[in-house]
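**Q** Residue strings, one per chain:
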Amino acid sequence: MNTQLLIQLLVNGLVVGTLYGVVAMSFVLIYKATQVVNFAQGELLLVGAWVCWWLLTKYQVPFYLGMPITLVFMFLFGIAIQIVILRPMIGEPIISVIMVTIALSTVFSALMKWMFGVNLQPFPRIFETQNVNILGLQVQTVYLMSLAVSVAMMVGMAWFFRLSKYGLAMRATAFNQQVAQSLGISVKSVFAMAWAISATVSAVAGVVVAVVNGVSAGLSAYGVKVFPAAILGGLDSVGGAVLGGIIIGLLENVAHFLDSEYLHWGNLYEIAPFYALIIILMIKPYGLFGTKDIERV
Amino acid sequence: MAGQTLIPAGDFRTSYAADTTVFPTTTSRNAMIAGIVLICFAPHVVNEYILSLLIQIGIFGIAALGLNIVVGFTGQISIGHAAFFGFGAFTSAYLSNRFGIPVFFCIPLAGVVTAAVGLVFGLPAARLKGLYLAIATLAAQYILLDFFARAEWFTGGSVPASAEPFSIFGYMLRGDKQYFYVVLAYVVVCYLLVTNLIRSRDGRALVAVRDHYLSAEIMGINLTKYRTLSFGLAAFFAGVGGALYAHYNQVVSNEGFGIDRSIIFLAMIIIGGLGSIMGTLMGTAFMVLLPESMEWLSVALRDSPIDQFLGLKNNIAFLREMAIGLIIIIFLVFEPDGLAHRWRQIKAYWKLYPFSH
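Protein chains in written order, with the working numbering: chain P, -2 to 294; chain U, 0 to 356.
Be a bit skeptical, because a hint or two may be false.
Listed next, the in silico DSS-like pairs over lysine-lysine satisfying Cα-Cα at most 27 Å (straight line) [said to hold, decoys possible]:
#, chain 1, residue 1, chain 2, residue 2
1, U, K128, P, K281
2, P, K289, U, K176
3, U, K224, P, K281
4, P, K55, P, K110
Covered, in the sense of this in silico footprint (three residues per stretch, anywhere, with C-beta under 8 Å from a C-beta of chain U), are these stretches of chain P [claimed, not checked]:
#, region
5, 92 to 104
6, 264 to 270
7, 276 to 282
Don't read these hints as lab results, they were simulated from the structure.
None of these values were measured; they are calculated from a predicted model.
Built from N, CA and C at the ideal position, the CB exists for glycine as well.
Please build the complete structure, drawing on both the sequences and the hints.
**A** See the structure below:
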């Protein structure tokens, strides 16, 4: 048994998993607040990463300036999507809403390919040192950064929802829209804000992935991995999404380990999350922490 | 559906049988028959290119019809339809290559095998609904695609599988002109089958499941059975369409059965009209002609300033994808009932022409 490889892959899994967790968290945020299943989450990552890359390479903006500009842009971008496209869809059947987000993802991914090409573009170097030695294990600096950023975002999100006034308003809206409205909360602005925050958080994750792996159209694959993560944790549980993301990240890498060491089936890394997804849906469709949907007639 | 619109004054229905007839008036029936007869002459009139478009419309129309059963009539969401389409294509090629079954029988057999696979993936539908089901079918899409890449005995792996040309009683059909009639026959049979299915007890049960599944269950409709059945039916038509596609191209490669194709299938039925049988064909025609018309447009605009600014020639593939996405959004926001609804309005306008309001 190749312990070195296993540990390396587990570290990988943890890092990727926290990123999945962050993206799943922003996915769940939209679902919870607006009851929209966002199939375009991966494209929000992609747009964020490309915008940041564009600022950094074309305009030579330093990273500490480029990043905030990207985030502001994504914040406005999220609001714009909600107002222009999702707002007219309120009250439409679920299939229409799902189709709109699927169509959005097609539009954005094609637009990004059109504007920036299909090739992988390396991200400008941000850190001086490549590797850090932790307990005898070579860990890339970008991985540490990724982990730190992810955890920071999760903590930030937790603070926002637990302690800030607006977070409270959003929780109230998720709990019951009519009651929230009668208490003077503007449901419209909460909806827009949910998209804005989700787009911003996704963009941070997108930039982190871009720094690690470079930017390419393949980035939107994170949007698909969100589904196993969010379903595992429960579609309406923010904490569950984080945990689900980490589990899916670890699962992928363990599957990869088993595959390369023992099974030699190939491509198990890509497909294992989907088998997991089907199994979860069959035995526990509401996930680990999701609220069970009880229907009363 | 067709029954509720524009029956001439004085034409009363006195029985349920008369009320659920396929064609509301004699004229509409004659028009349909005349249309089918007219299109039989198409291979001798139109050129190769238009003929290939017509064949594509037919093939995708059959597969989209299957999707409309599950999405439009039963109200379940399936985002993995292209995988079933691909499965049908591979199955038909496999059956004819491996067992030497004549292609004539391979196509319906491929439909049946795909239906069996569809039933397996439809099992989650018994428990899940709405977006959970959408996500389950998304997983099915990826799992089936992975299976295609993995199962070399079945699909040939990275080498495309070859598919025999269509033959009937030892007579080999060669070329698009002859294949057109095969597709036409399948289109007519499939559309008639589904029209009649919707008129039957089972069809009404499917619609009841869509409209209010709790009421449907209270009325004694077995939800599990009908939800799974709708997936099986959808997969059947996808399989038949895929098999026709395989024997049309005579090679089946792993390409073209991905999630983007599934999205195009969904776009077809949304643009055509969810729960409308003739709308499915209209939507399919729209979605087949849309990329082509963009091609024409880019040729027409060659070397013009717009072309130089957008780089149309190199980027046409991305522009097509974007157009597909934008069209779906536009239809969902402005015309959720699809082309079928628009067509009905046009008909109503002309029927009542001077006094249309």
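**Q** Take the hints in turn and mark each one as holding or not.
**A** Now for the hints, and whether the structure bears them out:
no. : hint            : result
1   : U:K128 / P:K281 : holds, 14 Å
2   : P:K289 / U:K176 : violated, 56 Å
3   : U:K224 / P:K281 : holds, 21 Å
4   : P:K55 / P:K110  : holds, 17 Å
5   : 92 to 104       : holds (count 11)
6   : 264 to 270      : holds (count 3)
7   : 276 to 282      : holds (count 3)
In the structure shown, a violation is registered for the earlier hint numbered 2 alone.
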